[in-house]
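*Asks:* What follows is each chain in one-letter form.
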Amino acid sequence: MATKTTRRTRQRTIAGAARVTSSYRNKWTWDNVAWATHCVDCYPGSCMYHIYLKDGKVAFEEVAGSAPADIKGVPDKNPMGCQKGAAWSRTLYGQERVLHPLRRVGERGEGNWEQVSWDEALEDIAEHILDAIQEAGPETIVHEMTPAEGGTMAVWPTQRLLVNLLGGVATDVNAVINDFQPGHYITWGKFNPASGAGSEPWTKLRLIWHCNPVYTQIPNYHAIAEGRYQGCEVVHIAPDAGPSSIHADYFFSVRPGTDAALALGMCRTIIEERLFSERFVKEQTDLPLLVRLDTKRFLRESDIEAGGSDEQFYAWDTAKRGIAKAPKTTLRWGRVKPALDARRRQVRLADGTRVAVVPAFSLLRERLNRDYTPQRASEVCGVNAEVIRSLARKVASKRTSIFMGMNVCKYYHGDLMQRAMLLLLGLTSNWGRLGSGIGSWSPGSGLEGQGIFSQKERPGLAETRRVLAMRAQLQQMTEAQSATSDTPEIAAIDAIVRATRAGMTGMVPPAFFWYHHCGYRERWNNPEWGDPTMRRSFDEYLQEASDSGWWEGVVKPAPDKPPRVLFEVGGNMLRRQRGGRTHLLQHLWPKLKLIVSVDWRMSTTGRFSDYVLPASQHYEKPNFHLASAALLQLKYSDNAAEPQGESLSEWDIFRLLAQKIEARAKERGLVEYTDSAGRAHRLDNLYYAMTLGIEDVNKLVDEWVRDTAEAGMMAKGESLKTMRKKGHADFTRVGENVYTLNQATDAEPGKPYTSLQWHTEKRVPYPTLTRRAQFYIDHPWFLEAGEELPVHKENPKMGGDYPLVLTSGHNRWSIHSMNITNRMLLQTHRGRPHLVMSPIDASDRHIADGEEVRVHNDVGSFFVPVKLSPSVMPGQVICYNGWDPYQFREWRGPMDVEPGMVKWLHMAGGYGHLRYWPIQWQPTPVDRAVRVDVAKIETTTSTRPALAAGQREGSRVFL
Amino acid sequence: MSRALPQEKSSRQIAMVFDLNKCIGCQTCAVACKMLWTRDDDRQDGTDYMWWCSVNTMPGRGYPKDWEQMGGGYRDGALQQGVLPTRADFGGGWDFNYEEVYYGGKGTSAHLEPVGEESSWGPNWDEDQGAGEWPNSYFFYLPRLCNHCTHPACVEACPSGAMFKREEDGLVLRDEERCQGNQACAEACPYKKIFFNYQRQISQQCIMCFPRLEQGVAPACARQCPGRLVFVGYLDDTEGPIHKLVHEWQVALPLHPEYGTGPNVFYVPPLAPARLNEDGSPDEEHPRIPLDYLEGLFGPNVGTALDTLKTEMAKTRAGKKSKLMDILTVYHWNDLFGPFTRDPATLKLTPVGKR
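Residue numbers (the working numbering), protein chains in the order written: chain A, 1 to 959; chain B, 1 to 355.
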């Protein structure tokens, strides 16, 4: 088909074509191509790129499009990428890059630096570390743990030296980034069953709920759109008709923080209309278990038999008309027909008295009927009552998935919202089945070779085999020791809990660090900002928790051991910490004798550090994306470009630091010391212990890959060389670490991923107190709080009684803060932070689009230009996360109005699964729906606003 | 590298379809384009401010600001001059005070911000603002690049003979040596997708990544699009998705067809969630995005196109098959790219002088 052209155009066609300059063709050329990925905690991420190099520098990168099309009927995942990935090399060569070791000159935060040699910097740091060890003990060395900017290559060497070898403390990453899903944990005994990759076409109803995938799931969003084309109905539930509503079939606006009421209103409809799956409820959940009406506690064997177990529960067997023990080794009830009805039955206790018992289901139903009729739920959450009913019927009749991100867990009562959502899914048998479930994330299944390396005493495969044999032996011993009723998952959790308490894992829940050392005690005790249903002060709860030994072994640094040395490795505490840059500078910074920031870019935390040490970036060091069980591939990023300036890989930085520490310790005559957990640490062989004689980072990575293959997780023969060639290696199986066991699924390449299938299909018990998905928590604190069942509670007035709620969320333009200063990406928005606001609220305050305003509450204030959008719910304001504080006037941002509250109930322990192990049960800070007001800035001639409280004119302290 | 010599007229036309129901406004297409063609790190070639491919939130003033009010194209067959967008209408191209903030010794008194003149517009200034009133507010994303029109007003308007429509694939290109920079092209282009290079005193616009097409590789905007929504191919390929979407299903429409330039970039128009009544119940009768607004953008056939999409989507909801939904789903990524499926990493394109 020839297109019509006018005469003049036709003439030009002839005349011009030959003249097109070849400059464009010359521009699109390169010397060589290498594999790359961006080794950041962008979940599930793992986008493969090719980098195109010219004259030794990265000219540009492009998606590789190499994802296999391995599931029939499922669109392939290609190309996997985003704008950050497409512009990554602009960060590599950007002005935010740090190229030389820098030492502070003058006050912290002043911004004056001197360039020093690596030798000089590391020597001084080594001296400070040894001072801390000798004067106060190694637990005063704190690694603020985040996987953020450096990936596998950043976290591992830091942990190896500072925590494992020296005995320092790492703050648990999942509390630091608060991506812990407490409601999942309370219900399932684990927060991390990951959502399904490749299962999208089986989902027939997708509730995008507390997630903004249009911003946060750029590489994967297509699966939602394609699933919709293939027949899935998409419903978006959020306060604002924001970006992720635009491609939904329905958008329902929920008042911020009232999602539990919405979910419970749906649950009520499902139960009253008898739409629930009776089989699933009886088999998978604790709802048939009997509860004593006098104490509101489960009926236990210890109630009815002297010396009976505290962890044996009962149902009412309608076949035998008596109580029946709930099986602990399987979810199957066998011949028992557990009752769900409301009839009160009498049970004789050990002391001869009789008590009335009912199934937990009956209490749930009573509560739903009383408080969560669709009409009452509607009055709370603002969603139309008939919509609640019709949505409930859809959930009950369609394969449903809740597309949930890491937003709900950042609400004060996010646990209750999640428990209510899980109840909705549990009633309708919507987990553990292809295409169903709810979002979360999981590490694990990773580069096993790293873990093996940590146990090796010398390099090489022979030693690897020794370690593997030792592990197998240990595994056998653990199995022999564990109770016969334990599943491998429960045994693995028991083992890691024990190791954590003995100080073996090095990670500690940071809530106690923040409380004792960072000035949060006063805030968390402020009754105005906490939940009004707390019966006692935060201090009293904390006292009880610690007197009860619930957090034994993990309260570090101890209250009487102020931290001395702080390491940030790709982290940016002064940006991310809920509760504020200002607060930490006031309360933590003065205690620290040394602050070291290892990073490839200048962050706000770096700017307030004593040393900024330049790390090499992705493309400059061999590195891997953090692997997840849901993606059965390990993705590799090649060191195809030379490190810029004097930058070094984190391996080299910590290896050289170990060498310095050993040398300086020898001069001090310090050979050995014992940490507070009683573990001995030697310094005279520190360098060998760190490196096993391997110095070259390429050799180290090769060792990791070969050992992973040796452990049977990859095909034999995989090595750094094969990774360089293919860009990835397939996992042949997932590892058997506790986090992959938590997935409870037989993940196989080429098969869509569904977590929790061992529970739903093989009837393997859940790792909870009752061994079932547990909706009824009879811990005394939960009963005291009225949270034994999922309920709705109003969001506390965090920050004070102000009319607007700051909901916020992850931004579109950056993964955390690492691309937020990329000049090219800054041009894709307004180039500076902004506050999204409803035109209605703005007009009430005479505020125009683009105008700078003051956002304030009782915690603090910050200045920010306003962006008006009618999609925002009146009463709601949004300041997307990720801006580096130094992008705000006076370096104050939303983190300065967030009090950084934690929910007291999450300090509960001593109850089945309510116990700490790394990245699991612990108090995590919340930041959503902080109360604020927005004030117009009255200016006359100057645009510079008056100094905020705490800012001292002319002061040398830069708070 | 050899190419066939141009013949009398363009025998074929390369076209694109953007499925707006998959577009999430992530700007990857825009960044992918910029990385290749207008990245001007050392400010040597004058392209730093240009975003040949840009994505805007609609309704909105767009890029350049208020481009829809600037005119151009044809009326009754006659070329219209239109308004020449200024550098300020494009905005962007900001530099930032990194040095001052990091190393200037100014504590917290200096923060990172664009230096120079107050920034008041850019390639994506009105992102996510949209129109309407909560909860019935609405917006969608519209990626735009040169439409490589069948009747390119820019070529017609060019007095120096620098612009031409390439014979073999219908691309609208410019002989930069011949361009005298009088910007008649930019005045005439109704889409205002022609940029002026103030350093070189010439105009420039999207080249549809012709060096890539020549190697069988899809344009960067299409190949890097994570939303899998950009179809590329020859419009006359009756077996290809573009022909099917544009001509058979008629669900892909040109933008502002009233200008008469015959754009060869087509859009699957946006659906939107159901409106909500006063009481919060869904209103299935009235569209959230007013139809007259969409007709103003995509012409009078947009209502029919949306109805077709809804009808076909209802089929898959009912568990039935829909060929249209299968095309839009895109089971294999490379199905998007017609004959341009080559992986560039397999090419050896060594710079001139190193060969």
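There may be inaccurate statements among the hints.
Said to hold, decoys possible - In the DSS-like style, the derived pairs of lysine-lysine whose C-alpha atoms are separated by at most 25 Å in a straight line are: (1) A:K726 <-> A:K337; (2) A:K54 <-> B:K315; (3) B:K315 <-> A:K27; (4) A:K726 <-> B:K310; (5) A:K591 <-> B:K354; (6) A:K398 <-> B:K348; (7) A:K72 <-> B:K348; (8) B:K106 <-> A:K398; (9) A:K204 <-> B:K354; (10) A:K751 <-> A:K793.
Said to hold, decoys possible - Listed next, with one range per pair, are the computed distances between beta-carbon atoms: (11) B:E117 <-> A:D560: 51 to 57 Å; (12) B:P290 <-> A:E784: 40 to 46 Å; (13) A:T674 <-> B:R43: 55 to 61 Å; (14) A:D55 <-> B:G216: 49 to 55 Å; (15) B:P351 <-> A:R668: 38 to 44 Å; (16) A:G106 <-> B:E118: 45 to 51 Å; (17) A:D55 <-> B:E177: 22 to 28 Å; (18) A:E794 <-> B:D326: 53 to 59 Å; (19) A:S454 <-> B:P351: 42 to 48 Å; (20) B:T86 <-> A:E127: 47 to 53 Å; (21) B:G216 <-> A:P68: 18 to 24 Å; (22) B:E117 <-> A:D55: 50 to 56 Å; (23) A:A469 <-> B:D326: 50 to 56 Å.
Calculated from the structure, these hints are not laboratory results.
C-beta atoms are modelled at their ideal positions from N, C-alpha and C, and glycine is treated no differently.
*Asks:* Hint says 42 to 48 Å; check whether the CB-CB distance for A:S454 and B:P351 agrees.
*Replies:* holds (45 Å)
*Asks:* Are the Cα positions of A:K54 and B:K315 separated by 25 Å at most?
*Replies:* violated (51 Å)
*Asks:* Is 53 to 59 Å a correct range for the gap between the Cβ atoms of A:E794 and B:D326?
*Replies:* violated (47 Å)
*Asks:* The hint says 45 to 51 Å between A:G106 and B:E118; measuring C-beta to C-beta, is that right?
*Replies:* Given a distance of about 32 Å, which is not inside 45 to 51 Å, the answer is violated.
*Asks:* Hint says 51 to 57 Å; check whether the CB-CB distance for B:E117 and A:D560 agrees.
*Replies:* holds (56 Å)
*Asks:* Could you check the hint for me, namely that B:T86 and A:E127 are 47 to 53 Å apart, CB to CB?
*Replies:* violated (60 Å)
*Asks:* Is it true that A:D55 and B:G216 lie within 49 to 55 Å of each other by Cβ?
*Replies:* Cβ of A:D55 to Cβ of B:G216: about 26 Å, so the range 49 to 55 Å is violated.
*Asks:* Just to be sure I understand the hint, the distance between the Cβ atoms of B:P290 and A:E784 should be within 40 to 46 Å; is that true here?
*Replies:* violated (54 Å)
*Asks:* Against the range 18 to 24 Å, how does the distance between the Cβ atoms of B:G216 and A:P68 compare: consistent or not?
*Replies:* holds (22 Å)
*Asks:* Assess, step by step, whether the Cα of B:K315 is no farther than 25 Å from the Cα of A:K27, and give holds or violated.
*Replies:* violated (47 Å)
*Asks:* When you take the CB atoms of A:D55 and B:E177, is the distance between them in 22 to 28 Å?
*Replies:* Given range 22 to 28 Å: holds, Cβ gap about 26 Å.
*Asks:* Does A:K398 lie within 25 Å of B:K106 when you go C-alpha to C-alpha?
*Replies:* violated (59 Å)
In the structure shown, a violation is registered for the earlier hints numbered 1, 2, 3, 4, 5, 6, 7, 8, 9, 10, 12, 14, 15, 16, 18, 20, 22, in ascending order.
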